[in-house]
Amino acid sequence: MMLKRKLSSILIFSLSLFSLHAAIAEDRPKMQAKVSVSEAPSVQEAAGQVQEKFVPQPPPDQETMMKKWQEFSTPNDNHKVLNQLVGEWSHTVKWWQSPKGDPETSEGASSIAWIMDGRFIEQNVTGMSMGQPFKGKAIVGYNNQKRVYETIWIDSMSTGIMSADAVYDAQSKQLKEEGHYACPLMNTDKKPYKAVTTFVGPDEFKYEMFTVDFSGEKFKTMEIVYHRVKQETALEPKDGQGEVDGKKDDAVSNSGQTSIEAAGDLLESEERKAGPEKQTAVQPVSVETTAQLLKENIAESPAVDEQLSQK
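Going by numbering that gives the first Met the number 0, 33 is the number at position 34 of the sequence shown; the sequence numbering is gapless.
Honestly, the hints are just simulated from the structure, not real lab data. All C-beta atoms, glycine included, are put in the ideal place defined by N, C-alpha and C. Don't take every hint at face value.
Across the chosen pairs, the derived CB separations fall in these ranges [to be verified]:
no., residue 1, residue 2, range
1, 177, 153, 37 to 47 Å
2, 56, 102, 45 to 55 Å
3, 83, 181, 24 to 34 Å
4, 65, 145, 18 to 28 Å
Here are the computed lysine-lysine pairs in the DSBU-like style, where the Cα-Cα straight-line distance is at most 35 Å [stated by the list, open to error]:
no., residue 1, residue 2
5, 79, 217
6, 66, 190
7, 52, 189
8, 52, 93
9, 67, 93
10, 205, 229
11, 93, 193
12, 217, 145
13, 134, 93
14, 134, 79
15, 219, 193
16, 52, 229
17, 229, 79
18, 52, 99
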């Protein structure tokens, strides 16, 4: 009898502990969720904030709307400033983890070209970082509505997107930006930073980035010096190269491309180099012109003639 009472007491006590743990476990996610939700505004609150900032106004007429959108979408002199960055570059990186520490150094390559018909430049970076292969990409443009330069950056070492606004100082030839990025070490989604891009000359520019350490002290965390990679001069073909029966074949390049293929590659290359002032609309090619080009570039072949005559 006493054994049964003991077993019953143990069972009741165990059930009580289980219920207590279950209650705590049930309340804990609610508490955590409550804290997380309280840190960010709800969808309704966010919509209300947008509505408060928006000033109601009558819609403009169709002509005014078209004019405003045309001004917003057309590249101008502010975009031409970015043309100084277009090209192929080699770069040297210095990176400081603290104000008093020694910098880590690495080297890499960077390719910068116009995209979206001269509205933005795209930078593709390859190199090494902390002993590992590194890839990065930046998009930079001038926002005609905000009247500032905007830039975003992504790379293979993080899952965040860095963003910043910048202004250009023509006197000092500097592009000065301010932005933020997520920093897990400081447990913040928006760690502030400032950066300056200095145009040293037509073949060199320097990027310097400044942020704060754990104590709030400002320091330079990165310096990248870019040098333009000079394009090699095309070599003249050696004897026998690019020639048929002792005559130079203008329709075939040293790489084995036909003149049409080479022209297509050249056009694509020039479009990527071209700035806002060089963008032109693509003109359609007529059927007659296409037929004439094919006729001029297809070599006559006896074997082909025999096959055609047999059909």
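Against the structure, the hints come out as follows:
1. At roughly 19 Å, the beta-carbon separation of residue 177 and residue 153 lies outside the given 37 to 47 Å, and the hint is violated.
2. Look at residue 56 against residue 102: about 52 Å separates their beta carbons, and that is inside 45 to 55 Å.
3. Restraint check, residue 83 to residue 181: a C-beta distance of roughly 30 Å satisfies the suggested window 24 to 34 Å.
4. Distance hint for residue 65 and residue 145: a CB-CB separation of about 21 Å, consistent with the stated range 18 to 28 Å.
5. At roughly 32 Å between alpha-carbon atoms, residue 79 and residue 217 fall within 35 Å of each other, so this suggested pair holds.
6. Restraint check for residue 66 and residue 190: the C-alpha separation of about 39 Å exceeds 35 Å, so the hint is violated.
7. Distance check on the hinted pair: residue 52 and residue 189 sit about 23 Å apart at the alpha-carbon level, within 35 Å; holds.
8. Using a Cα cut-off of 35 Å, the hinted pair residue 52 and residue 93 is violated, with the two alpha carbons roughly 42 Å apart.
9. As the CA atoms of residue 67 and residue 93 are separated by approximately 44 Å, the hinted pair breaks the 35 Å bound.
10. With a C-alpha separation of about 18 Å, the suggested pair residue 205 and residue 229 falls inside the 35 Å cut-off, and the hint holds.
11. Using a Cα cut-off of 35 Å, the hinted pair residue 93 and residue 193 holds, with the two alpha carbons roughly 16 Å apart.
12. A threshold of 35 Å between alpha carbons decides the hint, and for residue 217 with residue 145 the separation of about 28 Å falls inside it, so the pair holds.
13. At roughly 16 Å between alpha-carbon atoms, residue 134 and residue 93 fall within 35 Å of each other, so this suggested pair holds.
14. A threshold of 35 Å between alpha carbons decides the hint, and for residue 134 with residue 79 the separation of about 26 Å falls inside it, so the pair holds.
15. For the suggested pair residue 219 and residue 193, the alpha carbons sit about 9 Å apart, so the restraint of at most 35 Å is met.
16. A distance of roughly 51 Å separates the Cα atoms of residue 52 and residue 229; the hinted pair therefore is violated under the 35 Å criterion.
17. As the CA atoms of residue 229 and residue 79 are separated by approximately 21 Å, the hinted pair is consistent with the 35 Å bound.
18. Between the alpha carbons of residue 52 and residue 99 the distance comes to roughly 44 Å, so the proposed pair goes past 35 Å and is violated.
Violated hints for the displayed structure, listed by number in ascending order: 1, 6, 8, 9, 16, 18.
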